[in-house]
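K.L.:
Each protein sequence line maps, in turn, to chains A, B and C.
Under this note's numbering, the first residue of the first sequence carries the number 205, and numbering increases by one thereafter.
Under this note's numbering, the first residue of the second sequence carries the number 6, and numbering increases by one thereafter.
Under this note's numbering, the first residue of the third sequence carries the number 103, and numbering increases by one thereafter.
By construction, these hints were calculated from the structure, which means they are not laboratory data.
No residue lacks a Cβ here, since even glycine has one placed at the ideal position from N, Cα and C.
Warning: the hint list may mix true and false statements.
To be verified - Quick list of the computed label-pair ranges, beta carbon to beta carbon: (1) A:P324 <-> C:V131: 24 to 32 Å; (2) B:D267 <-> C:P195: 38 to 46 Å; (3) C:T196 <-> B:G149: 54 to 62 Å; (4) B:F9 <-> C:T438: 20 to 28 Å.
Okay, here's what each chain looks like letter by letter:
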Amino acid sequence: MIPELRVENLTLRFGGLTALDGVSFTVKPGALHALIGPNGAGKSSCFNVISGLYRASEGRVLLGEEDITGLRAHKLARLRIGRAFQNAALSPGSSVLDNVMLGRHALTSGGFLAAGLRLPWATRQERRHAQRALEICEFLGIGHLAHTPVGALPYGAIKRVDIARALAVEPVLLLLDEPAAGMNAGETADLATTIEDVRAELGISILLVEHDMGLVMGIADRVTVLDFGRRIADGTPAEVQADPEVVKAYLGTEAAT
Amino acid sequence: MSTFLQLVVNGLGKGAVYALLALGFVIIFKSTEVINFAHGSLVLFGGYIVVVTRDALGWAGASVLGIVTAGLLALVIERLLLSRSRLADPASLALLTIGVDVIVTEEIVRRIGVSVPFIGEAWDANPVRIGEITLFRTHLVALGVAAVLITAFYLAFKYSNWGIAMRAQAENREAAALMGIRSSRVTATAWLVAGLLAGVAVLFIATQDFSGSGLSRGTHSIALAAFPAAILGGLDSTAGAVVGGLVVGIAEALSAQYISFDFSKSAVFLVMLVVLVIRPSGLFGTRESTRV
Amino acid sequence: MSSAVMDKPVAAVTAPKRLRWLRILAWLVLLVVLLALPLYLDASWLKAGEYAMVGAVGAIGLTLLVGQAGQLSLAHAFFLLAGGTAYCVLAGPTKDERVLGFGLDPLLSLVLAVAFTALLGLAFAPVSGRLRGIYLGVASLSLVFLGLYFGQSASTLTGGTSTGREPAAFELFGFPFDNTGPRIEILGVPFRQAEKSWYLFLALTIIALVLAWGAVKGRIGRSWRAVRDNEASAAVMGVNVARAKAGAFAISSAYAGLAGVMTVLWYDILKPDESEYGTYGINVSIAYLAMVIIGGLGSVGGALVGALIVNGLPQVLALYSTQAGLFTQSGEGAFTPVLVSIFIYGAAIILVVLFEPGGLAAIGRRITGFSRKNPGKEGPR
Chain A
205 MIPELRVENL
215 TLRFGGLTAL
225 DGVSFTVKPG
235 ALHALIGPNG
245 AGKSSCFNVI
255 SGLYRASEGR
265 VLLGEEDITG
275 LRAHKLARLR
285 IGRAFQNAAL
295 SPGSSVLDNV
305 MLGRHALTSG
315 GFLAAGLRLP
325 WATRQERRHA
335 QRALEICEFL
345 GIGHLAHTPV
355 GALPYGAIKR
365 VDIARALAVE
375 PVLLLLDEPA
385 AGMNAGETAD
395 LATTIEDVRA
405 ELGISILLVE
415 HDMGLVMGIA
425 DRVTVLDFGR
435 RIADGTPAEV
445 QADPEVVKAY
455 LGTEAAT
Chain B
6 MSTFLQLVVN
16 GLGKGAVYAL
26 LALGFVIIFK
36 STEVINFAHG
46 SLVLFGGYIV
56 VVTRDALGWA
66 GASVLGIVTA
76 GLLALVIERL
86 LLSRSRLADP
96 ASLALLTIGV
106 DVIVTEEIVR
116 RIGVSVPFIG
126 EAWDANPVRI
136 GEITLFRTHL
146 VALGVAAVLI
156 TAFYLAFKYS
166 NWGIAMRAQA
176 ENREAAALMG
186 IRSSRVTATA
196 WLVAGLLAGV
206 AVLFIATQDF
216 SGSGLSRGTH
226 SIALAAFPAA
236 ILGGLDSTAG
246 AVVGGLVVGI
256 AEALSAQYIS
266 FDFSKSAVFL
276 VMLVVLVIRP
286 SGLFGTREST
296 RV
Chain C
103 MSSAVMDKPV
113 AAVTAPKRLR
123 WLRILAWLVL
133 LVVLLALPLY
143 LDASWLKAGE
153 YAMVGAVGAI
163 GLTLLVGQAG
173 QLSLAHAFFL
183 LAGGTAYCVL
193 AGPTKDERVL
203 GFGLDPLLSL
213 VLAVAFTALL
223 GLAFAPVSGR
233 LRGIYLGVAS
243 LSLVFLGLYF
253 GQSASTLTGG
263 TSTGREPAAF
273 ELFGFPFDNT
283 GPRIEILGVP
293 FRQAEKSWYL
303 FLALTIIALV
313 LAWGAVKGRI
323 GRSWRAVRDN
333 EASAAVMGVN
343 VARAKAGAFA
353 ISSAYAGLAG
363 VMTVLWYDIL
373 KPDESEYGTY
383 GINVSIAYLA
393 MVIIGGLGSV
403 GGALVGALIV
413 NGLPQVLALY
423 STQAGLFTQS
433 GEGAFTPVLV
443 SIFIYGAAII
453 LVVLFEPGGL
463 AAIGRRITGF
473 SRKNPGKEGP
483 R
């Protein structure tokens with residue numbers, strides 16, 4: 205059962221700066237929803253609030269029936285929200301598999317003694333989840349790199365590891381923070397296919413922050429546009445592209461007229 | 006009341022010396038983000054040179070030589086070791102300074118042996134009486150010298166090319182480099198200045214008034230107070246370093262009197278702990294924020 | 103705290119199968135040798151090896167905290183003191199007028215002492231949670247000073263700074279580990295205190311080692327590394343960062359507590375002397391940090407080698423000095439074994455940071471071709 209994500213009237217203030225101002229949008233279950241806007245529009249801030257890293261000044265975030273506003277970040281993995289990061293915050297010294305296994309943290313248990321004493325249940329758990337992590341890696345085309353240290357990988361592969369890690373959470377909602385950043389056209393096309401495959405295979409909701417318009421317009425079901433912390437448009441890609449407010453935000457007043 | 010006042014003033018005198026140490030420490034941190042664990046060894050080194058050349062050059066000459074060589078040692082550490090490191094990543098370099106500190110300190114302690122030589126002051130060692138208060142002359146001299154040096158430093162920091170360059174580099178290293186600021190020069194000068202300040206500090210530390218003992222392993226221990234002083238002031242704040250030094254000096258003096266002498270060293274760290282729990286970046290430090 | 107010194111593969115890159123069997127075989131051979139040594143070495147050499155084992159136990163704990171979890175701590179000496187004191191108090195004689203004792207069974211006292219030190223480590227959590235990087239390191243220094251002050255004043259517990267107190271001899275279900283008890287001979291070699299302690303310390307070290315290895319490979323090690331490398335992403339992945347840090351401190355303190363018990367058994371006395379250069383002073387915290395840096399931050403095997411160098415070397419040098427006539431000068435300006443060892447490990451720290459931040463562990467990996475998957479790359483940052 206995939207729940208819907210509802211962001212209601214979200215406001216985020218840092219001292220004198222208002223990063224988000226009454227932002228509202230809804231990610232329907234199983235939808236691929238994009239959050240776009242010029243630099244500094246508040247997209248990453250919005251993500252950070254949803255992920256529990258920032259505390260909203262006003263407004264709510266609801267996952268299905270549950271109000272998840274203000275929940276601390278580590279609780280959200282248990283609610284099966286997975287997130288990939290803008291700067292792919294992985295452990296470069298550890299292998300791909302080890303990094304992806306971090307995503308299983310909320311699905312597993314066991315502390316120092318369980319691991320240290322190699323209690324049978326802990327070892328079995330490790331094996332089971334490592335198997336699943338490997339499956340996810342293979343689905344994303346990085347299965348053959350499972351035992352390679354992440355730091356030795358090319359950028360494109362690293363981004364896939366990040367996505368794999370987010371998928372390891374077995375999310376109902378996947379947050380992708382600028383997944384195409386730093387990629388060329390070919391890589392972006394590959395990424396688009398991968399994201400669509402994820403959606404097709406798992407049927408989960410995906411919320412995407414992105415700058416690359418080609419990617420967004422090509423795969424998104426719905427697009428929300430932010431500018432200076434405010435929502436200025438929300439609709440299908442076609443609707444948003446035609447919206448004069450959006451054009452103005454990106455290209456300036458002259459282009460809109 | 007007069008005891009309290011006496012303690013505060015004497016504490017300020019000690020604090021002035023700690024301020025010099027903390028200031029040097031913070032200058033290094035601001036320019037390179039490196040925690041210089043070898044600061045105590047700079048102090049010991051300067052003191053050692055003074056002790057060894059005192060008979061030949063007299064107090065004045067020996068002191069100047071001590072100050073200069075302490076500065077040079079700092080410079081050598083920076084040029085020879087820190088800048089050569091392929092990594093230039095601050096945490097590793099801090100660990101490197103631990104290695105340096107260990108070697109320099111142990112070697113100097115070995116040379117000093119069991120004799121605990123006093124540096125000997127150039128001023129009359131008799132205490133000064135103002136009304137009911139007795140003040141140590143060393144502490145007064147220290148206050149005066151520190152005031153002059155800190156003021157000079159502030160003027161340099163604010164108005165001189167070096168000061169501006171250093172502040173720019175501390176703010177944003179890459180941008181500063183793009184603006185033409187020679188980072189290596191700024192860093193080297195920062196270490197040199199820190200060493201010089203350490204050399205001045207030891208002149209006061211290894212005296213009867215200040216520590217009751219001459220140059221010894223204990224001197225390194227006293228110099229360790231630079232850490233809590235700099236930290237509680239906020240590692241990237243030069244003003245914080247000075248305030249931190251004074252706070253540490255007063256805390257030490259008060260706790261030595263009202264609790265016990267043994268506790269005074271711990272008292273300093275306790276004060277630092279309390280400050281850190283309330284303000285994790287120190288009193289004047291800038292709060293760290295990580296970009297997600 | 104993340105740095106080049108800390109970014110290296112740690113037990114997460116699997117070696118080819120052949121190499122794994124070789125490693126296991128090597129460890130087994132080492133174990134057999136260690137078990138057989140008391141039959142061939144005399145007491146003074148065994149004592150030297152035991153001191154290295156004390157260092158190993160402490161260093162393993164510290165490498166988990168600093169290398170795996172990325173929390174800098176200079177408080178290790180404090181937890182050593184706490185562990186040693188707790189053991190002496192718990193196992194000590196009940197009727198002594200000078201010092202407090204509960205007369206508990208030594209094995210129980212050891213376990214309780216370790217648990218107590220873990221709790222102390224946990225108690226530091228509110229501080230460790232709020233501070234980062236070097237601020238945490240210097241804050242942890244406070245514990246050493248405060249601990250020694252407390253230890254020196256609480257003479258009913260520690261025996262005071264000038265006299266100290268003797269630890270109760272260790273016993274395992276009635277079998278004493280000192281020179282009392284029935285006379286034992288194995289293969290013609292009399293088994294007295296030195297031989298018995300050797301096996302005791304070896305057993306403790308092996309337990310420490312095995313637990314740590316498992317932890318590094320398991321879920322908890324992963325969560326530590328995540329906290330070390332990026333707290334925000336660790337949190338988003340479900341790791342309770344505050345709890346992970348607190349747990350790392352507790353476990354590291356437990357290891358230090360165990361090392362502390364071993365310390366008092368080794369010295370056969372507990373004496374909280376100086377804070378700058380004593381048995382429980384900052385110099386000891388720095389020595390343990392040196393072991394961990396030299397061995398490679400986060401590497402459990404590296405911690406062992408680091409301990410061998412930092413703790414074992416001075417002991418071995420001292421033994422050789424009596425035999426080979428080195429270090430004969432004494433008194434002022436003398437180059438004692440301790441001093442020379444300090445120079446060596448001070449230099450080793452500098453060399454490691456300058457040339458091989460992954461420490462001996464990285465050098466070892468390079469030699470065994472661990473980075474086989476990526477020829478030419480010496481290891482990630």
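K.L.:
Next step is simple, just say for each hint if it's right about the structure.
P.N.:
Status of each hint after checking the structure:
1. Distance hint for P324 (chain A) and V131 (chain C): a CB-CB separation of about 28 Å, consistent with the stated range 24 to 32 Å.
2. A hinted range of 38 to 46 Å for the beta carbons of D267 (chain B) and P195 (chain C) is inconsistent with their spacing of about 28 Å.
3. For T196 (chain C) and G149 (chain B), the Cβ-Cβ distance of about 60 Å falls inside the hinted range of 54 to 62 Å, so the restraint holds.
4. Separation of F9 (chain B) from T438 (chain C) is about 46 Å and departs from the stated range, judged on CB atoms against 20 to 28 Å.
The structure fails hints 2, 4 (numbered hints given earlier, in ascending order).
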